[in-house]
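A.B. asks: Residue-level listing of the chains:
2 protein chains.
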Amino acid sequence: MTRRVWRLAKRPVGDIADDDLHFVTETMPELADGEFAVWVNYLSLDPTNRIWMSDMEQYMPPVGLGDPMRGGVVGRVIASRKEGVSEGQLMAGLGEWADIVVSRGEGMAPMPEIPGISVAAAFGTFGVVGPTAYFGLLDIGQPKPGETLVVGAAAGGVGQIVGQIGKLKGCRVIGIAGGADKCRYIVDELGFDAAIDYKAEDVGAALDRLAPDGVDINFEQVGGPIMEAVVSRMKLFGRMPLCGMISGYNATSNAEPRGFWTLMLMRRLTVRGFIVTDFAPRFGEAFRDLAGWMLGGQVKTRQDIRPGLEHARDSVKLLYSGGNFGKLLVEVTPE
Amino acid sequence: MTRRVWRLAKRPVGDIADDDLHFVTETMPELADGEFAVWVNYLSLDPTNRIWMSDMEQYMPPVGLGDPMRGGVVGRVIASRKEGVSEGQLMAGLGEWADIVVSRGEGMAPMPEIPGISVAAAFGTFGVVGPTAYFGLLDIGQPKPGETLVVGAAAGGVGQIVGQIGKLKGCRVIGIAGGADKCRYIVDELGFDAAIDYKAEDVGAALDRLAPDGVDINFEQVGGPIMEAVVSRMKLFGRMPLCGMISGYNATSNAEPRGFWTLMLMRRLTVRGFIVTDFAPRFGEAFRDLAGWMLGGQVKTRQDIRPGLEHARDSVKLLYSGGNFGKLLVEVTPE
Chain Z
1 MTRRVWRLAK
11 RPVGDIADDD
21 LHFVTETMPE
31 LADGEFAVWV
41 NYLSLDPTNR
51 IWMSDMEQYM
61 PPVGLGDPMR
71 GGVVGRVIAS
81 RKEGVSEGQL
91 MAGLGEWADI
101 VVSRGEGMAP
111 MPEIPGISVA
121 AAFGTFGVVG
131 PTAYFGLLDI
141 GQPKPGETLV
151 VGAAAGGVGQ
161 IVGQIGKLKG
171 CRVIGIAGGA
181 DKCRYIVDEL
191 GFDAAIDYKA
201 EDVGAALDRL
211 APDGVDINFE
221 QVGGPIMEAV
231 VSRMKLFGRM
241 PLCGMISGYN
251 ATSNAEPRGF
261 WTLMLMRRLT
271 VRGFIVTDFA
281 PRFGEAFRDL
291 AGWMLGGQVK
301 TRQDIRPGLE
311 HARDSVKLLY
321 SGGNFGKLLV
331 EVTPE
Chain A
1 MTRRVWRLAK
11 RPVGDIADDD
21 LHFVTETMPE
31 LADGEFAVWV
41 NYLSLDPTNR
51 IWMSDMEQYM
61 PPVGLGDPMR
71 GGVVGRVIAS
81 RKEGVSEGQL
91 MAGLGEWADI
101 VVSRGEGMAP
111 MPEIPGISVA
121 AAFGTFGVVG
131 PTAYFGLLDI
141 GQPKPGETLV
151 VGAAAGGVGQ
161 IVGQIGKLKG
171 CRVIGIAGGA
181 DKCRYIVDEL
191 GFDAAIDYKA
201 EDVGAALDRL
211 APDGVDINFE
221 QVGGPIMEAV
231 VSRMKLFGRM
241 PLCGMISGYN
251 ATSNAEPRGF
261 WTLMLMRRLT
271 VRGFIVTDFA
281 PRFGEAFRDL
291 AGWMLGGQVK
301 TRQDIRPGLE
311 HARDSVKLLY
321 SGGNFGKLLV
331 EVTPE
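Chains Z and A are the protein sequences, given in the same order. So for the first sequence, the UniProt record's numbering puts the first residue at 1; every next one is plus one. So for the second sequence, the UniProt record's numbering puts the first residue at 1; every next one is plus one.
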């Protein structure tokens, strides 16, 4: 039995280069006791992948050189030597960039199959981005009716859900995205109140026009000058769930946004960094609410599905150039 | 009837200069309906005074040019045309740098007289610094037994109380202060676990020695390189009540500490700016607990009382040079 897998060969410097990741076909050993094998349907590509490739300070160990690249996967069990895990079961969780993933079950859980929601949509929503949006916005952002919520990378996996939950909670929602198509989508299809095309207009000037009284909640995923434009316009007692800063992930020199400590003091802002796994014990809450909202048509999610595991290295780069439109997935084998 | 009062003549540039504030004797008009007059015993000098003198972004309007300088005061009512306020009553709150303050009661409240606690100690503890320490540490810092708490300006008004409440909550408390006397005081008299003399040793190296596993709570009052040394050593899920950054208040160029956004994300820190008045509706909680702790000998507070309203301008400068030792008060007229 063989599998195809991406292994990390070198740590990228700046943009991911072709020889940083090697795509290899390798023979698999037989399953050991307690292991099971998943035939992967979809691989989730997420901004944090670039962090895992690096050896910067991060929230879990970086991927080791020579090791399979880490990633979220969903697929069906094709063989199991683990009690409680049976063939045919749909499993999702932390796996590898591979077409077959062997697991002992750590970081993996059965994925419920919800009638009316495809595996891609369910995985692309519940896998990582849904709980990220849900807990980041609700627990940290604490949205209240009438407040102004700004979310960057608004047409991406997390952003689209953040904005829609914000609307459900009565916020005025402004999304920041790159390009007219994405901006039209988040307003016309997802119901955001306004969109700012950061490729076409100055974000600060647009915020001054769209939110002249300032911003109550900044759901931060972007970093860089866009983040500085939003933070400098935050209101008294504003909240900032700090989810990521993708604009800096490929930087070769210091991309840290400047300090806003005085502003944070005078306006009594709360800034809180978080990683979705911090909320793992409470994922059930997010799944329940999100499934209800999806079935009720209140939350729509768009997946950007790129076929072919062999293209995963090129596909992941889309995240850092703003090339994806919706949650980025690789179709490894059809559902 | 005349009073003596400090008026703001110019906004200081850098350190407070002699002609920024003028000390004048002026005739007082008769009390209007709804007003009362307080014979001031003590004037509270606080780091934020320098902010009020400036026109930087701040949490209440700056003192207007030509206006009496704003400050916390305590004293007895000598005349009243306000219902419910009677002569002889001890009142404390937001007043002016003056020996007689006329008020309509906004920001002023009767101060309870607690047997065994002098007016100076009560005002120097309950007036501003006690609630600041109490809510900043307990509400924002959320101390848990065994955690490591670091507090700068540790022999100052707020710092001394923060550290002692931290001990009551079971924290390991490290204070940062300037000079051997202050360091000895916070350890030997107040029961801090350790002190770092920032004038004699490198704060980062001292923290590496005293808190090799890092810092759970940074009660921030100082800013500058000391703040950077502490923040860079914070632990996973650390909290940072952001109370002030005194080291930058006299700066003429940008004194903003650098951004630590990536660290805040990866370590999931919570940073929250606050001003004590945000908690005004809950001050009773702080007064009750602090009074109990003071009477029980668990919290001691030291006042640094400087006689003479005429020296207030020189006395306030002590805050920015680290010249005070304990809560800085001006004795305007004896108790």
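Certain hints may be false.
Copies of the same chain look alike in the list, so a pair counts if it works inside one copy or between any two.
Derived SDA-like pairs (lysine to any residue); straight-line CA-CA distance at most 20 angstroms [unchecked claim]:
{"#": "1", "residue 1": "K169", "residue 2": "E285"}
{"#": "2", "residue 1": "K167", "residue 2": "S232"}
{"#": "3", "residue 1": "K235", "residue 2": "E57"}
{"#": "4", "residue 1": "K144", "residue 2": "E57"}
Quick caveat, the hints were computed from the structure, so don't treat them as lab data.
A.B. asks: Within, between, both or neither: how does the pair K169, E285 come out at a Cα-Cα threshold of 20 angstroms?
C.D. replies: within (16 angstroms within a copy, 32 angstroms between copies)
A.B. asks: I want to check one pair: K144 and E57. Are their C-alpha atoms no more than 20 angstroms apart within a copy, between two copies, both, or neither?
C.D. replies: Neither way: K144 and E57 sit 34 angstroms apart in one copy and 26 angstroms across, limit 20 angstroms.
A.B. asks: At 20 angstroms max between alpha carbons, let me know whether K235 reaches E57 within a copy, between copies, both or neither.
C.D. replies: between (31 angstroms within a copy, 12 angstroms between copies)
A.B. asks: Indicate which option fits the pair K167, S232 if close means a Cα-Cα distance not exceeding 20 angstroms: within, between, both or neither.
C.D. replies: Neither: 23 angstroms inside a copy, 37 angstroms across copies.
Hints 2 and 4, counting from the list given before, are not met by this structure.
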